[in-house]
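Novice: Taken in order, these protein sequences are the chains called A and B. Each residue of the first sequence is one higher than the one before, starting from 0 at the first, in numbering that gives the first Met the number 0. Each residue of the second sequence is one higher than the one before, starting from 0 at the first, in numbering that gives the first Met the number 0.
The hints are simulated quantities; they were obtained by calculation from the structure and are not laboratory data. Yeah, the Cβ is synthetic: ideal placement off N, Cα and C, and Gly gets one too. It is possible that part of the hints are untrue.
What the hints assert, rightly or not - Listed below are the simulated DSBU-like cross-link pairs for lysine-lysine, each with C-alpha atoms no more than 30 Å apart in a straight line:
hint : chain 1 : residue 1 : chain 2 : residue 2
1    : B       : K117      : A       : K25
2    : A       : K25       : B       : K134
3    : A       : K25       : B       : K259
4    : A       : K24       : B       : K117
5    : B       : K227      : B       : K250
6    : A       : K24       : B       : K132
7    : A       : K24       : B       : K134
8    : B       : K259      : B       : K297
9    : B       : K292      : B       : K260
To be verified - Using C-beta positions, here's what the derived DEER-type ranges look like:
hint : chain 1 : residue 1 : chain 2 : residue 2 : range
10   : B       : G141      : A       : Q246      : 20 to 30 Å
11   : B       : K58       : A       : K239      : 43 to 53 Å
12   : B       : H214      : A       : G132      : 19 to 29 Å
13   : A       : L46       : B       : T60       : 52 to 62 Å
14   : B       : H18       : A       : A50       : 53 to 63 Å
15   : B       : S29       : A       : G132      : 24 to 34 Å
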Amino acid sequence: MSFEEMEVSKNRFHGLWALTNRDLKKWYQNPIVLVIGIIQPVLWLALLGKAMNISAMFTSTSLPPLPTLSPPLTPSQALTLGQYFSGMQSSIMTSTFNTSSYFSFMAMGMVAFVTVFTTAFVGMSVVWDRRLGFMNKVLSTPVSRSVIITSKVISASIRSVFQAAIVTVIAYLLGLQLGENFNFFSIFGVFAMVFLIAFGLSSMFTAITLRTTRMETPQAIFNLVTLPLMFASSAYFPIKMMPQWLQAIALVNPISYTIDAVRRLMIFSDGYGPLPYDFLYVGSFAAIVTVICVVLSWRYLNK
Amino acid sequence: MSETQEVIKVEGLTKTFNHSLTAVDHINFSVKQGEIFGFLGPNGAGKTTTINMLITVMKPTAGKATILGGDIAKRSMDVRSAIGVVPQEYTADEDLTGYENILLCADLYGIPRSISRKRAMDLLELVELTGFKDKRVQTYSGGMRRRLELACGLINRPKVLFLDEPTLGLDVQTRAATWNYVKMLKKEFGMTLFLTTHYLEEADALCDRIAIIDHGKIIVTGSPNDLKDSLGGDIITLAIQKDEDITELIKKVVHVKEVKKENGSYMIKSSNGELTAPLIIEALRKNNHVVTKLSLTKPTLNEVYLQYTGRSMRDAEESREAIMQQRVAFRRARQ
Numbered sequence: 000m001s002f003e004e005m006e007v008s009k010n011r012f013h014g015l016w017a018l019t020n021r022d023l024k025k026w027y028q029n030p031i032v033l034v035i036g037i038i039q040p041v042l043w044l045a046l047l048g049k050a051m052n053i054s055a056m057f058t059s060t061s062l063p064p065l066p067t068l069s070p071p072l073t074p075s076q077a078l079t080l081g082q083y084f085s086g087m088q089s090s091i092m093t094s095t096f097n098t099s100s101y102f103s104f105m106a107m108g109m110v111a112f113v114t115v116f117t118t119a120f121v122g123m124s125v126v127w128d129r130r131l132g133f134m135n136k137v138l139s140t141p142v143s144r145s146v147i148i149t150s151k152v153i154s155a156s157i158r159s160v161f162q163a164a165i166v167t168v169i170a171y172l173l174g175l176q177l178g179e180n181f182n183f184f185s186i187f188g189v190f191a192m193v194f195l196i197a198f199g200l201s202s203m204f205t206a207i208t209l210r211t212t213r214m215e216t217p218q219a220i221f222n223l224v225t226l227p228l229m230f231a232s233s234a235y236f237p238i239k240m241m242p243q244w245l246q247a248i249a250l251v252n253p254i255s256y257t258i259d260a261v262r263r264l265m266i267f268s269d270g271y272g273p274l275p276y277d278f279l280y281v282g283s284f285a286a287i288v289t290v291i292c293v294v295l296s297w298r299y300l301n302k
Numbered sequence: 000m001s002e003t004q005e006v007i008k009v010e011g012l013t014k015t016f017n018h019s020l021t022a023v024d025h026i027n028f029s030v031k032q033g034e035i036f037g038f039l040g041p042n043g044a045g046k047t048t049t050i051n052m053l054i055t056v057m058k059p060t061a062g063k064a065t066i067l068g069g070d071i072a073k074r075s076m077d078v079r080s081a082i083g084v085v086p087q088e089y090t091a092d093e094d095l096t097g098y099e100n101i102l103l104c105a106d107l108y109g110i111p112r113s114i115s116r117k118r119a120m121d122l123l124e125l126v127e128l129t130g131f132k133d134k135r136v137q138t139y140s141g142g143m144r145r146r147l148e149l150a151c152g153l154i155n156r157p158k159v160l161f162l163d164e165p166t167l168g169l170d171v172q173t174r175a176a177t178w179n180y181v182k183m184l185k186k187e188f189g190m191t192l193f194l195t196t197h198y199l200e201e202a203d204a205l206c207d208r209i210a211i212i213d214h215g216k217i218i219v220t221g222s223p224n225d226l227k228d229s230l231g232g233d234i235i236t237l238a239i240q241k242d243e244d245i246t247e248l249i250k251k252v253v254h255v256k257e258v259k260k261e262n263g264s265y266m267i268k269s270s271n272g273e274l275t276a277p278l279i280i281e282a283l284r285k286n287n288h289v290v291t292k293l294s295l296t297k298p299t300l301n302e303v304y305l306q307y308t309g310r311s312m313r314d315a316e317e318s319r320e321a322i323m324q325q326r327v328a329f330r331r332a333r334q
C-alpha cells in the first residue's frame with residue numbers, strides 16, 4: 000500500500016469551485032437573504048440619494064428676492080444677470096461633482112458602498128465555518144489552504160458584482176443621468192472594477208478573521224473599518240473639497256479609485272483620463288492584499 | 000513500505016499550547032493494518048489533540064508520526080488523501096442536503112463527479128439515508144447527522160479512518176448501530192480504524208487494542224481482554240455454612256490464583272471464573288461444606304482504568320455529557 004496507488008488529485012486547485020459554489024448556494028438558495036441584499040441598496044439610493052437633493056440648493060428660489068436697485072438695471076443687464084443665475088445650478092454642480100445630478104454622483108458611490116458591505120460579511124462566514132466545525136472538516140481534506148480562503152474571496156466578489164449590477168439598474172430606474180463617456184462596454188468595465196475591489200476587500204476581511212473564533216471580532220472590525228472606508232473616499236463628496244488631512248486619507252483609499260473609475264465609465268462626460276490609473280491602483284491593491292492573505296493562510300489557517 | 004504492518008506509527012508525539020499546557024506528552028504507539036485501535040480517556044486527556052495532529056490539522060510541538068509510511072508533517076497532503084475523518088462535532092453544512100454534502104466532500108478530495116455521484120449513492124445506502132438524501136441537513140436528527148458524517152468520512156475510500164468520539168451524545172440504539180457500522184468497515188473493507196472514546200463499554204465492545212490516555216500520557220496499551228486479565232482475572236465471592244477456614248482447600252483447585260478471607264466470605268481470583276466456580280463447589284462438597292452464597296465478577300475496563308490511573312472514569316463522563324447537552328442546546332437556539 001502506498002500513496003502512489005491512491006487516487007490523489009493532481010490538480011492543485013481542486014475543490015475551489017466546490018467551496019465557492021457552496022457559499023454562493025447559501026446565498027442564492029435563501030430568498031430572504033437575496034431579497035434583503037437587493038432591498039438594502041434600493042433603500043440607500045431612494046432615501047439618501049433622493050433626500051440629499053443638493054442641486055436644489057443652487058436654484059434661484061433658494062436666494063432672497065433681489066433688492067430694488069437704483070438706478071434700475073437696463074433690460075440687457077437684467078437679461079445677462081438672469082441667464083447667469085439660471086445657469087448657476089448646473090455650473091456649480093458640474094464644477095463640484097463633474098455631473099449636474101448629485102443623485103447620479105452618489106448612486107455610483109453606492110456601487111462601492113454595497114461592495115464594502117457584501118465583502119465584510121465574508122469575515123463572518125469564515126468565523127461561522129470555524130464555529131460550526133465545517134472548517135475543521137475542510138482542513139482535514141487534501142484541499143490547499145489557499146484554495147479554502149480564495150473560495151471565500153471569489154464567492155464574495157461574485158456576490159458584489161451581482162449587487163453592484165442591481166444598484167446600477169435601480170439607479171437607472173430612479174433617474175441616473177448617464178454621461179457622454181458611457182457606452183455599452185462601460186458596464187463590463189464597472190463589473191471588472193467591482194470584482195477587483197471586492198477581491199481586495201474580501202481578502203482583507205478574510206485575513207483579519209483567519210485565527211478568530213469569536214463572532215464579535217469581525218463585527219467590531221467591520222464597524223471600525225467600513226465608516227472611514229466610505230466617508231474618507233469620494234463616495235458622498237468630491238475629494239478636492241475635503242480638508243487636507245482627509246484628502247491625504249482619501250487619496251490612498253482604494254474605494255476612491257473604484258468610485259472614480261465607476262463614475263468615469265458611467266456618468267462623467269470629460270473623457271476617460273485617469274481610468275487606467277484607477278484600474279492599476281485597485282488591481283495592485285487587490286493583488287497585494289490577496290497575496291498577503293494567502294501567505295497568512297499557509298501559516299495560520301489551522302486548528 | 001508496501002509491506003508495512005504498522006499503519007500508524009507514533010514516536011514521542013507532543014503538543015504544548017502556549018508554551019505551558021502540555022496536552023499530549025511524548026506518546027508512543029503503533030496501529031497495525033486492519034485493527035480497531037481505541038484511545039480511551041476522560042475529558043481533556045489529550046485524545047482529540049492527538050487525533051488533530053494525526054489528521055494533520057494541528058502541528059505537533061515535538062515528535063514524529065507516520066501514517067502509511069508518510070510523515071504527517073512533511074507529506075500532509077498525501078496523508079490527508081489517504082485518511083478519512085469523522086469529527087466529534089457535526090460538520091455537515093446544514094443548508095445543503097445530505098447528498099450535496101457528500102458530493103461536496105468528494106470535491107474536496109478531488110474525486111471527479113462521474114465517480115462521486117455513484118459512490119455518494121452507495122454510501123447513503125450504506126448509512127441508510129437514501130430516503131433523506133434530498134432533505135436539508137437542518138432537518139436531520141442527531142443519529143442521522145452522525146451517519147452522514149460517517150458517509151462523508153468514507154467518500155475517498157480511506158485506508159485509515161479516524162473517528163473522534165463517534166457515539167458522543169447518541170442514544171443507546173443509535174450507539175449500537177454505530178458500533179455495527181464500525182465493525183462492518185473493518186470486516187468488509189479491511190479498514191484500519193482509530194477511534195477515541197470515553198465510554199468504557201465502547202472501547203471494550205469495539206476495539207482490538209486500546210491505549211488508556213490520561214493527562215496527555217499513555218498509561219497502558221493492550222487488548223481489552225489482556226488488560227482485564229492483567230488485573231488477575233475474575234473474582235469469585237463465596238460463603239459457606241460452617242465457620243471454618245477453607246482457604247487451603249480452595250487454593251488446591253486449578254486456575255485459582257489467590258484467596259482472601261473477608262467478613263466471613265472468600266474472595267477468589269481466578270483466570271477463568273466460569274470454569275473455576277463449579278470446580279470449587281465440587282471440591283467443597285467432597286469435604287462436606289455447603290456453599291450458601293456465590294457470585295462471579297468479571298473485571299471491566301473500569302477496574303482496569305481505576306487500577307492504572309488511580310481514579311474512576313465516571314466522574315469525568317458526567318461533566319462531558321453536560322457540556323454536550325449545552326452544545327446541542329446552542330445549536331438548536333441558533334436555528
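Novice: For which of the previously enumerated hints does the structure constitute a violation, in increasing order of number?
Specialist: Of the numbered hints, 3, 10 do not hold.
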